[in-house]
Amino acid sequence: MGDDMDIGGASSSAVEDFLKETSLYLAPDPEIMENHGLEPRTAYEDQCIAKANDPVRLEIVRERILAGVNESFEMLENMGAAPGAKWGDCVSAVYTASGDLSLASSGGVVIFCNLVQYPIKFINKYWAGDATVGIKEGDVFIVNDARYGQAHNTDQSMMMPVFHDGRIVAWAGATVHEGENGAIEPGGMPSLAEQIWDEGLKMSPFKVAENYKLRRDLVTFLQNSVREPKLQYADMKVKMYVCRRIETRIHEAIAEYGVEAVVAALRMNLEDTDAEVRRRLSEWPDGTTRHAWWTDGTLRENVQIKINLALTKKGDELTFDYRGSSPEFTNRSNNSLDITVKGMLAQLFLTFIWPDIPRNQGVLAPMKFVFDNPSVLKPAFGTPNAQSMMTVFTAWSAGQVCAMKFLYSNPKKYTRVLAPWFNMINTFLFGGLTQHGEMVGNVCADINGMGGGALADRDGEHGCAPIFATMSDIGEQEFIEEEMPFIQIVSKKMMRDNQGFGRQRGGMGYQMVLAMRDSPAFGFMLTAMGAKFPNIPGLFGGYGCPTYPLSRVSGVDVFDILVKDPGSFRYSIEELMNERPFKGAKYTTHPMTLGYTLAKRGELYMISQGTGGGFGDPLDRKPEDVIRDLDEDLISHDVAWRIYRVVYDRDTLHVDTEATEEAREAMRRERIAKSKPFDAFCEGWVKDKPSGKVPYYGSWDDRSMVHAGSPDALHPAGQVNPPVIMPHPLQVKIDRLEAELAAARKKA
Amino acid sequence: MKVFITSMLTIDLDSERWECASCGHDIGSARDNYKKGLLVREREPSEIHAPILDAKEYEFTFAPDPDWCRILEYCCPNCGHLAEVEYLPPGHPPAHDIELDIDALKAQWAKREPLEKPALGPDFVAPPHSH
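First to last, the sequence lines map onto chains A and B. With this note's numbering applied, the first sequence has no gaps in its numbers, which climb one by one up to 1415 at the end. With this note's numbering applied, the second sequence has no gaps in its numbers, which climb one by one up to 176 at the end.
These are calculated hints, taken from the structure and not from any lab test. None of these values were measured; they are calculated from a predicted model. Incorrect hints may have been included.
What the hints assert, rightly or not - DSSO-like mimics (lysine-lysine), calculated; alpha carbons at most 27 Å apart, straight line:
#: 1; chain 1: A; residue 1: Lys1400; chain 2: B; residue 2: Lys101
#: 2; chain 1: A; residue 1: Lys1035; chain 2: B; residue 2: Lys151
#: 3; chain 1: A; residue 1: Lys1035; chain 2: A; residue 2: Lys1080
#: 4; chain 1: A; residue 1: Lys897; chain 2: A; residue 2: Lys869
#: 5; chain 1: A; residue 1: Lys1356; chain 2: A; residue 2: Lys1341
#: 6; chain 1: A; residue 1: Lys1080; chain 2: B; residue 2: Lys162
#: 7; chain 1: B; residue 1: Lys151; chain 2: A; residue 2: Lys1080
#: 8; chain 1: B; residue 1: Lys162; chain 2: A; residue 2: Lys1289
#: 9; chain 1: A; residue 1: Lys1231; chain 2: A; residue 2: Lys1160
#: 10; chain 1: B; residue 1: Lys162; chain 2: B; residue 2: Lys81
#: 11; chain 1: A; residue 1: Lys803; chain 2: A; residue 2: Lys687
#: 12; chain 1: B; residue 1: Lys101; chain 2: A; residue 2: Lys1250
Stated by the list, open to error - Some, not all, of what chain B presents toward chain A, calculated at C-beta under 10 Å:
#: 13; residue: Leu54
#: 14; residue: Lys80
#: 15; residue: Lys81
#: 16; residue: Gly82
#: 17; residue: Ile93
#: 18; residue: Glu104
#: 19; residue: Phe105
#: 20; residue: Pro122
#: 21; residue: Glu129
#: 22; residue: Pro135
#: 23; residue: His137
#: 24; residue: Ile143
#: 25; residue: Glu158
#: 26; residue: Leu165
Every residue, glycine too, gets a C-beta built ideally from N, C-alpha and C.
Same shape as in the complex, but just chain A (with noise of 0.2 Å):
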């Protein structure tokens, strides 16, 4: 036994070296995944930051290298092709030689860039060193696969190294939500994914481009893996480009103050993040906050899916506990990368807490996540996870709450107070053959019309931008209708009473109603959550958003109808459901998961984007903010007098102050004689398991034991056993009509 382990060590070195050249395959490597943190500082670094550490200096230095950046996002934004790009849903970024996200464009969608250093890390590790990839100045690398560092599959990024001296001494990288990917649906977010190859290209990082010019074979290759080849393409080349203009940028930075000092940039922007970020984490109050929230579906199924969080701040660390929320599902698509909560985690403090820290990875340097393995926030390798964004933007929201639950009482704030912001994508989705005869497959830009939390002193902006991107468009409705066979025939138009109410409110959503025209074949889907249980609370007493449907009118033309009989058309979701002005048309409501669906021409599909929380007690809002939204057409009479109780005259539209403050005193003495002391209430009210009318996964009271659609499925956390496997609807839908048939046939 001795001699055996004193020969394994001795020999240690190449059996390593056995083992990395005879690997059949290099899976996301665990060591890497793991590391949200900075790499330790190099040799290198040490010695560039020894002769260049004038803080004055580095810092512009960091300038003059984010101007850049800056410039070549604006490249990205401008050049890129894919729908994505021109609404923002992009970013290009500067990282360091060992991979970290040092420098993000001050525009764009932070999360993208702060997951592009996990693939860096896998390049520096697996292909530098190998002789059949190399890494060599003019290389241009790109990723997909969510598993190796992306948000989630429909976006791209581009790498490329930044050599000086024959030395790396950066990396330059561009990201952009390209939208199609080749899944089993089109436009890359695959709700019917029940296999990880049901999601479409599956890019681990790979080398596409040599000395500076993309290669034809690879690129072939690809665009026959898409349902749009030339945008593939067309993208392909503005990412590489953006990457060249950042190290045209850095060259010009080195040449200017020396490559020691834009080393020495890079790294300490890092470190001074961190020491930063540690530093404000100390201001807060030491203790816990616990927040859960419950998604409604998988996008195939409604089910109810918990996430639950308690966040703890001690000291200058915060620890984010997300155990005890759903098991993963092991055929359906709605599953997050832990990397990908991270990163969103990353984009929380980035633009709603500290928008003053420099966007870059050391933010997250400070905090630290605990999962259970696996679980619905920690997917295993082959589990489906390209609707990543079904658990995450609820992982994230939670994490809203239970930061501005610890930053409401800091006297040092660097931004204000929000309730939860509209989290969901409540956009269509789209697919086929244009006007053009091209054949597209993408996502609405509406997707960044989420309603924006309110303040503690102001309400909340509508339709205002994405919890992903502080700094996105909803684009131009009448560019889009010269592209795509369809045209939103209501847009923009807020959706009365859809309001996160409160004392101040939060800022609307907006309705869509799409019909198509003009193409031989031509769809839609949907990819939203939200229809059963509402997506955000509110904050403080505010309450959160309602619940969102697809509403849809079939078996009617209504361009016909606009012809014949314009008079008859109504401008609302609400009007055309319950007037339903057009006979013999169908009229359904259906939640917001709907998978690829051919569209006829002239057939309605309806849905509004989602309102942001409110903050504060509804009865404490100012009387003249009510009727203003009254005015504006935002609520309704129902809502005035129900939610804010306010007394007015309803011709003048004039407040009645003193019968509002009687009327408001009332409500609240109302609230107390109907209201029991907690414990007595939690007598009555808490019950040891779920009621079982609904399927339910995740931790009920002990986060260590997980629900698995049931009631009495109970597991031990990251232990469920068998796995959660869903069956298709279709079958259940089958297997439940040929039950009524066989009883029905019995009873005759």
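With chain A held as given, fit chain B onto it using these hints.
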């Protein structure tokens, strides 16, 4: 010294008590769950988020499904102001959502000046018009 923990709840560091920010009512020990000192009311979700579509005609109406969701309202027993609203599946235990280390809080605020009102944070300043 009072610390503004939420817009409706303060902690008096001297007495170590939760208090209503609206009326000053004593809510309970700051080392305990503040919800224990409040009154709670269960609301059917459509009482707040009323159906926008005709509930007689449609399954999905913009109102949450009561089998999936209930709303708990927590108010001050003295003044009736809402301090918190919690959305839960029916029967789910309410969260102990704010549990602070009171000793650490006292040590932290021993070095700070008392605040007369909550600090809102920096105001938004619109950038100058550029075209």
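In rising order, the numbers of the hints this structure does not comply with: none
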